[in-house]
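Residue numbers (the UniProt record's numbering), protein chains in the order written: chain L, 1 to 210; chain Y, 1 to 210; chain U, 1 to 210; chain W, 1 to 210; chain G, 1 to 210; chain V, 1 to 210.
Hint data in this document are derived by calculation from the structure and do not stem from the laboratory. Do not rely on the hints blindly, as some may be mistaken.
Copies of the same chain look alike in the list, so a pair counts if it works inside one copy or between any two.
Stated by the list, open to error - Straight-line C-alpha distance at most 30 Å; calculated DSSO-like pairs for lysine-lysine:
hint, residue 1, residue 2
1, 66, 132
2, 41, 201
3, 200, 41
4, 136, 155
5, 44, 155
6, 136, 44
7, 203, 41
8, 41, 66
9, 201, 136
10, 155, 66
11, 155, 132
12, 66, 203
13, 200, 132
14, 200, 136
15, 41, 155
16, 200, 155
17, 66, 136
Remember, predicted model here, so these are calculated numbers, not experimental data.
Protein chains: 6
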Amino acid sequence: MYLPLLFIFPLLFISSQGSVQDFCVGDLSLPNGPAGYSCKKSSKVTENDFVYHGLAIAGNTTNIIKAAVTPAFDAQFPGVNGLGISIARLDLAVGGVIPFHTHPGASEILVVIQGTIYAGFISSFDNVVYLKTLNKGDVMVFPQGLLHFQVNPSKIPAIAFASFGSSNPGLQITDFAFFKNDLPTELLAETSFLDVAQIKKLKGVLGGTN
Amino acid sequence: MYLPLLFIFPLLFISSQGSVQDFCVGDLSLPNGPAGYSCKKSSKVTENDFVYHGLAIAGNTTNIIKAAVTPAFDAQFPGVNGLGISIARLDLAVGGVIPFHTHPGASEILVVIQGTIYAGFISSFDNVVYLKTLNKGDVMVFPQGLLHFQVNPSKIPAIAFASFGSSNPGLQITDFAFFKNDLPTELLAETSFLDVAQIKKLKGVLGGTN
Amino acid sequence: MYLPLLFIFPLLFISSQGSVQDFCVGDLSLPNGPAGYSCKKSSKVTENDFVYHGLAIAGNTTNIIKAAVTPAFDAQFPGVNGLGISIARLDLAVGGVIPFHTHPGASEILVVIQGTIYAGFISSFDNVVYLKTLNKGDVMVFPQGLLHFQVNPSKIPAIAFASFGSSNPGLQITDFAFFKNDLPTELLAETSFLDVAQIKKLKGVLGGTN
Amino acid sequence: MYLPLLFIFPLLFISSQGSVQDFCVGDLSLPNGPAGYSCKKSSKVTENDFVYHGLAIAGNTTNIIKAAVTPAFDAQFPGVNGLGISIARLDLAVGGVIPFHTHPGASEILVVIQGTIYAGFISSFDNVVYLKTLNKGDVMVFPQGLLHFQVNPSKIPAIAFASFGSSNPGLQITDFAFFKNDLPTELLAETSFLDVAQIKKLKGVLGGTN
Amino acid sequence: MYLPLLFIFPLLFISSQGSVQDFCVGDLSLPNGPAGYSCKKSSKVTENDFVYHGLAIAGNTTNIIKAAVTPAFDAQFPGVNGLGISIARLDLAVGGVIPFHTHPGASEILVVIQGTIYAGFISSFDNVVYLKTLNKGDVMVFPQGLLHFQVNPSKIPAIAFASFGSSNPGLQITDFAFFKNDLPTELLAETSFLDVAQIKKLKGVLGGTN
Amino acid sequence: MYLPLLFIFPLLFISSQGSVQDFCVGDLSLPNGPAGYSCKKSSKVTENDFVYHGLAIAGNTTNIIKAAVTPAFDAQFPGVNGLGISIARLDLAVGGVIPFHTHPGASEILVVIQGTIYAGFISSFDNVVYLKTLNKGDVMVFPQGLLHFQVNPSKIPAIAFASFGSSNPGLQITDFAFFKNDLPTELLAETSFLDVAQIKKLKGVLGGTN
C-alpha cells in the first residue's frame, strides 16, 4: 500500500547527545592514539577536509634518484584519519628509482598513469622475487611489509599512484634506515654483512654519521 | 666488529612444515570464507598473480549513464585477496554520471587522472552534503558506507581511479537496488516514499519487474 | 594435593601504575578518536554507566511514518563505547514504516518482541531482494551496509530490538539523505534518475531546500 | 542538468568472475577457519538463511536452575557467520538463575523483554562488582570476557535477549567448567581453593567425575 | 644499469606536517581510549621507552599461593601500547599455584624457562579439559578468554614467561572475582552454587566482605 | 537466597548443531585462507595440539652467523592458528648475529633468558635508531614491520624468546631478500645503491645467482 506524504514529518531519528560518527577528520593539534588522531569537531568539518590537492603537482625529481614520493597519508591529508586508506603519488623521471623499501603497516596497490614502471617485491618465504613491467593502466599489488621497489626503465617520465590499506602505512627505505643516521658503521657491518667501505661510501652519500 | 663471510652459510630460518604466508592469492575454485577466498598454493603463484591489466582499457561508456566502473576487486584480481585493498577504474564520458551508491565494506579514495569530476557524499548525521569539483590530480575520500556520486561536468571525458580499504568493498547502486529487480512496486512506494508512477517509470528503464 | 587456606593471602597481581582496562565508558566531553570516545576515569565509573533506561519507553509514532527508532549507541549509552556492540528500539504503529536505510558501520540483528514485521534487504550482487515476514520471537540479520527496511503489515503495533556489531553503527535513511537537506534538485535528478517533480515533492515533505 | 532516461541502460557494473560478497552464510558441512565457516554458494542462499525461528519458543526452564539459554550463534543460525553479531534468548522462571559465566569472544548487551532481572558483572581490576536490577525495556552491557550472572528476583517469569559482538561469542559457565567434566578433584581443589567436599558435592550434582 | 651515487641526495620523502606513526608509546597522563593510551610525543620517545627491566627480578612468592605474576602490560610498559602484544613473568615456588583465571582480551603463549609446570585449560564446548606437564623450553597456548591454571608440581622453583596478543590482556582470577570484594554471600551462593559456608571461608581468607 | 542443589540438572546450554569454536587448531592438509589454516575437527583435537616441544632444544649455531631462529608459528605449531600469537627461540653463540630483518605482520617482544643481547630497531620516521643492551630478564619491544637486529656482544651464549602478535608474523631477512635468490645484480645495484662488487660478494656467500 502506497503511503501518501502530504505534510512535513518529524525527525525519525533523534540523537539526544553527541553525534553519529561517520568519519574522524584528524585534528593534528590534539593527542593521537594507536588508532590515529583525535577527531576534529564535526561542526568545523567542511568539504575541504575530504579533498587534497597536494598530489596534483609533480614531485621534484631533480635529485639523484630522479624520483619523488608525495604522500597523502593522515599527517598530510587528515580526512583519511581512521578510514583505513591513503594514497601517494610517485614521479619517476627517466632513470628514476624508488629504492627498496617497505610499508610496515599496509599493503599497496600501484596504478601506472603515465609511462612504464618496472617493479618487484620479494617474498619472505624462500626469498622469491616477483618482477613485472607495468604499462599505463596496469595495476600491481605489494603485500604488506615486504621489500619492494619501482624503477622507470623507459625514455619518458613515469607517474603512478600508490594506494594503501591504512591511513598511516609508513615508509621505511632500506638505504635510509641503514645509511642516513648515526647507526655505527661497525655495528651495521656486523648486522648487514656489508663491507665497511661500502657502508662508509653510502653514509657519505646519504649524510649518515658514525 | 665486522664479520667476514667467506663460505656459504646454512639456512638460518627453517620452516619445517607448511609455508610462511606473505600473501593469499585467491583460488576462486575453492570455498571462500568470511575473510576472503582460500589461498592458491604458493608453488603455483607467479608474478602474474600480482598484476592486473583489466584497468588499462577504458570502460564502455556508450550507455545511458555515459559512464563505466571497471573493478579490480578480489573476484577479478585474486592477488588482492586478504590484503585489505582493491581498486577500480572510472570512465565518465561528457555528461557521464556514476549515480548515488555505497560501498558497504570500505572507504574509498578517488584520484582524478583526466578531466574534471564533480563528486559528493552525504553524511548520516544531519544529512550534511559535502560537494567538491575535482581536477586532475585531486584526491577525495568517501567514508565507508555513505551515499556518494561522481559526475563529469566538463566538456572532455574524465578518468579516475578509486581505491578501497578492502579487497571486496561491494558496490550498491541505489537505483539498481530499487528499480532493477522484482521488489514489488507498492512495497517500494511504501518504503521509499516515491510515487508509484516514478517507480514504474524507472523499473521500465532499468528492467525491474513487479 | 589440596591446599588449605587459613590466612589472608597477599595480592597476587599488583598493577604498579595505571589500570587494567576492562571497559572504556565514553567521556563525551573529551576528544573522540577513530576507535571511539576517550574513557571516563575508572574511579568515576559506576554500575549506572552500564545500564540504559531509554529503550524502556515506546518511541513516539504519531508521525507520518507511524514509526520511531530509539538508539542506544555510544552517543546515548556511553557504556558501550569501544565494546563493538549497541542496540536500538523500533516502534511501528499500525501502518508504520522504517523506510529504506543503511548502517554504514555494522551488521544488524532484529528480534521482534511484539506484533509482526515485514522486512527485507537488497544484496549488492545482482540486486537480489530478500523479504520475510517476522513474527514475535523471530530473528533476522541484515548484512553490513546493505539497504533494508521494516514495515508493520498487521493490525497491532509492533516492537522490535535491533542489535549492531559496533558501538556506533550509523544510520543513513535514503529519503533523508536525498530530500532532507540542501542537495540541489537538478544535481539529485542527475545522480538519482528521479524526476524533478518527484524530488520537489519529497523535498517539500521532508523539509529539503534547493 | 536533469538526465531523461527513455531506454533500458546496460549493466554499469560487470563482475567478470566470482561474486561480490555481501554476506557469507555458513556452510556447516565445509571446513571452518579462524574467521568462521566457509560460505554457502550464493546461488543457494535464500531469504530463509537470514531468519531464525528458534528464539520464538520459550526455553525449557523445568530444570534445577529454572532457566534456559537458547543461542542463535553461527552454529545454529549460519546467516550470521562472519557478520560479527549474534543473539540468544534467556528464559528465567521464578527463582531462575543464569549462573556466573563468561563469553570469551565478545561483549554482550542484554535487553529485558518481560519481568525483572537482577544482573551483575565483576571487573578484573580490583574485582569491583557492578550490580543492577533491570526492568522491562532496560538494557545492560557486559564487557568482553568478564564474569557475569543474571537472576530472576521477581514473582513472574522473565525473558531477555542477549546480543553479542561476534557470530561465535562462546559461553563458559564456571560451574560447568569446574564440576561437569573429569577435572581431578584434588587438582581443582588446588587451583580453585575450594574444599574437596564442596567440589565432590557439585561434581555429584553436575555429573562430573574424578 | 648501476646508478653511481656521488653527491648527497635530497629528501625523497617529505612529511610536511605531523609524523609518521611507527609506534605509540603510551602517555599515561593523557586520556586513554578504546584502542589504548594516547601517544607520547615522538620527540620525547627514547630507546628506554621500548625496554622494560621489571621482569628481570623474581616476583615475591612468599605468599599463600607461593607464586607471583609480574605483568609488563601497557600500564607497566607503555612501549607496547597499541602494538597488540605484552608479556608477564610467572614465578612458582615449590607447591606454587596460579589459580584458575582468564584473560578477557587475548590468547596466551606460555614458555617454561626453569623447572616444570603443570598447566591446563577448559574449553567452553563440552567443558573439555586439556592438561599437560611442561618442561623447560616447552610452550603451551591458552585460547582467549578460557579458564586456565598453572601449578608447580616439582621440587624446584619454576619460572615462565607468558606472552599475550594484546597490550592489555586483562587478568580475572576466579577466586578473587568471587571472594575478594563485597559481592553478597547469598547472591554468590545463588549464582555459583557454592555453599554459604564455603563462600564465607574463602571470603575470610581473601578479604571479601558481605 | 541460597539455592540447594540436590539432583543432577540438565544441560543448560544445548548447541543443536555444530560446535562452539574456542580455538581453531590448524589442519595443514586443508586449504588455508587470509585468516589462517582451516580448523582441525574438534573431535580430533587433543591436549598435544596446544603444546610444542620444538623450542626446548637449542638451535644449531654452528653456522657463519653463529645464531639460530627456531619458530613456533602456525606452520610449526598449528595450535596457535587464528589466535593472534606465536613465539620463536633465538640462540646466539658468542659473536652470534641475527642480521637486520623485519616481521611484516606483527610486533615482537623479546625476553632474554640467558646471556646478553644487544638489539636495535630503526624508525621509519627520520630513520631514528633505538639501541639497547639487554640482560637476563630484560624485555624489548620491536614495533611491527620495522628493521631490527640482535647480536650477542658477550662472552657467553645468549638465549631469548621472541613473541609475536600474530600466528604468522613472517620473517624477512634483508640480506636473504637481497642476496639469496636470483634477483639480477644490476637491478639490485640500481634499487639498493650497493656496489656491484659488494652484491656479487654477498651473492657468493649466500648462494644468490644472476
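**OP:** Give the relationship of residue 136 and residue 155 under a CA distance limit of 30 Å: within one copy only, between copies only, both, or neither.
**Re:** both (14 Å within a copy, 23 Å between copies)
Original post:
Quick one: residue 41 to residue 66, C-alpha cut-off 30 Å, is that within a copy, between copies, both, or neither?
Top reply: Close neither inside one copy (41 Å) nor across copies (33 Å); limit 30 Å.
Original post:
Within a copy, between copies, both or neither: where do residue 66 and residue 136 come within 30 Å Cα-Cα?
Top reply: The answer is both: 19 Å in one copy and 23 Å across copies each meet 30 Å.
Original post:
Quick one: residue 200 to residue 155, C-alpha cut-off 30 Å, is that within a copy, between copies, both, or neither?
Top reply: Between. Shortest inter-copy distance 28 Å satisfies the 30 Å Cα cut-off; intra-copy 33 Å does not.
Original post:
Under a CA distance limit of 30 Å, which applies to residue 200 and residue 132: within one copy, between copies, both, or neither?
Top reply: Classified as between; 23 Å across copies, 32 Å inside a copy.
**OP:** Go through the copies and call it for residue 155 and residue 66: within, between, both or neither, with a Cα cutoff of 30 Å.
**Re:** within (13 Å within a copy, 35 Å between copies)
Original post:
What label fits residue 201 with residue 136 when the C-alpha limit is 30 Å: within, between, both, or neither?
Top reply: neither (36 Å within a copy, 37 Å between copies)
Subject >> Homo-oligomer pair classification [residue 132, residue 155; C-alpha up to 30 Å] >> reply: The answer is within: 17 Å in one copy meets 30 Å, while 36 Å across copies does not.
**OP:** Could you place residue 66 and residue 132 in one of the four classes (within, between, both, neither) given a Cα distance threshold of 30 Å?
**Re:** within (20 Å within a copy, 33 Å between copies)
Original post:
Between residue 41 and residue 155, at a C-alpha cutoff of 30 Å, which is it: within one copy, between copies, both, or neither?
Top reply: neither (49 Å within a copy, 38 Å between copies)
**OP:** Measure nothing new, just compare the shortest in-copy and cross-copy C-alpha distances for residue 203 and residue 41 to 30 Å and report within, between, both or neither.
**Re:** Close across copies (28 Å), not inside one copy (45 Å); limit 30 Å.
Original post:
From the Cα coordinates, with 30 Å as the cut-off, is the pair residue 200 and residue 41 best called within, between, both, or neither?
Top reply: neither (50 Å within a copy, 32 Å between copies)
The structure fails hints 2, 3, 5, 8, 9, 14, 15 (numbered hints given earlier, in ascending order).
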